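Assemble the complex: chain F is given as a structure, and chain A must be docked to it using the hints.
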Amino acid sequence: MNTIWALASVVIKELYRRKDFYVLFVLTALITIATGMVNFFHDPKIVRYVKDVCMLLIWVSGLLIAITTTARQIPAERESRTIFPLLAKPVTRWQVILGKFLGCWLATGIALFVFYLFFAVITGSREQHWPWLGYLQAIWLQWAMLAVVVALSLLGSIVSAAPSSTTTICFITVAGILLVGGHLNTVALHEPQPLQTLLYTIYFLIPHLEWFDIRDRLIYDWGLVDWLDCLLATLYAAAYTGLFLLLTWFGFRRKSLNT
Amino acid sequence: MKASPHLLLALTLAVCFTLATGLEPRAAGWSNRTKSNNVFSVLFGDGRRMFASEFFTMADVYFHSGYYPSIFDLRQEGTKAIVTESHGHAESEEDERNEDFLGRPKDWIDRFGRHFRITEHTHLEHSHEREILPWLRLAADMDPQMIQTYTVGAYFMCQHLDRPREAESFLREGLRNNPGNYEILFGLGRLYYQNYHDTNRARNVWQLAANKWYDRFKLDPEGAKENKIGFDGITVNLASLERDAGNYEDAIRWFQAAQKVSPAPGALQEQIDELKAKMAAATNAPASLAH
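Taken in sequence, the protein lines are chains F and A.
Numbering follows my numbering, in which position 154 of the first sequence is assigned residue number 548; successive positions increment by one, without gaps.
Numbering follows my numbering, in which position 160 of the second sequence is assigned residue number 172; successive positions increment by one, without gaps.
Okay, chain F solo, but in the shape it has when bound:
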């Protein structure tokens, strides 16, 4: 466990050494503050559009941080050849995978915490109420969803050599699942065979990341999701994360590390 934690801590340090997080945070803050300063019909109580914009930016930033941080981990180790002394420690390949995953996931969690803190301060100062449990659910579900994304990106980084292609493919896949994934069953109903079966198969195979998006509940003040549902969704995310990590390990343990 110490080995995995040591590997993870290196990734976390990387998060605050690199500029990605700061750039995304400053952009989010600037756009949100600028949006919030717009005066619509002299009514200072209008707030939902600010929450909407800020949450969208947090989601995009969260995905960008998770995917870009993860996609470059193993290719960077291979390119700089630091993977060889690492594996000679001895650290097993499974520990490398777990350490990298844990580091990326925790780093994303830290970034999310900062983003949500900003969100709470900005919207709370306008609304004068802070639904902390709602924020907690939203951040937890998003973080659980990002665990699947991080595991998927790690798998992608084993398959594809270049971090740029891994980032692009993962981003398209995740955006596709978030936007269309939940509607594939509706689309399939109106398609002829064998397209219908194909769409249904995809629908039942993909991780339904759209469940974890409870932005609307937060924006429109709809209250909390049942905690049991949160727990089940977390288990669902854990199952897919485990599956992707196993696939990554299968790919990585037989992979030649020479570039």
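It cannot be assumed that every hint is accurate.
Stated by the list, open to error - Straight-line distance between alpha carbons at most 20 angstroms, and here's what the computed EDC-like set of lysine to aspartate or glutamate pairs gives:
no., chain 1, residue 1, chain 2, residue 2
1, F, K439, A, D174
2, A, K118, F, E521
3, A, K118, F, D623
4, F, K439, A, E178
5, F, K439, A, E137
6, A, K118, F, E585
7, F, K439, A, D72
The hints are simulated quantities; they were obtained by calculation from the structure and are not laboratory data.
All figures in this text were calculated on a predicted structure; none of them were measured in a lab.
Below, chain A alone, put in the same frame as chain F:
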């Protein structure tokens, strides 16, 4: 012969300056963008109109607090709830059924996913209607010729948010962008009558709206048929105004005009009969007093 670089530079600058003075007045007429003071028209040109209906739809999404069909949910495209509400109508049962776009869960993924989604059909109330205003403002900036934006925005500001000054300013902006539009004039008249209780101004504006409606559709019977609800609204409101002001003859005249286009002429006839009875009673009253 060798030309000095300084002379060449001076010559080029002189040519540039001369061309600029000649071209500048012409260039101003090449595009309307330079005249515009709207940042969106400078950025997007006429392409901005594409976004306007999206922003208007966002206002409707906010009005439903997020309960809204996606492009994948098969649902008949009807009138938006904010428009229905601004016309003073409640949603019919058919509309309500149409809004139940989710239906029964299709599978366990769909069923479980609904625990995280908004699945309840509600409309904003208790002054939360203000949340739709930013989207209407953006829609108006994107497409200043989209009339519904002004009428819907003004309706919510007057009826739900008690902000008649802002509503009037928004409607006047709409009138500047769409001179003589009868729908905006109707909204303005309603504001004068219901919020400012200024009967004379309301009467004048509504009469102007009725004239504009007539001018617009006098040579277009098909258009008149499609837009008769607008004329119905203007004439019924004018009739009610005259009735409340005690001008029964004018009220009857406007109710009769409304009957020609109204979907419920019977109800209007009842009002006409009622007014005629009042007029008769008023005429008979001095006679009975004399006896």
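Worksheet item: Against which earlier hints does the structure fall short, listed by number upward?
Response: 2
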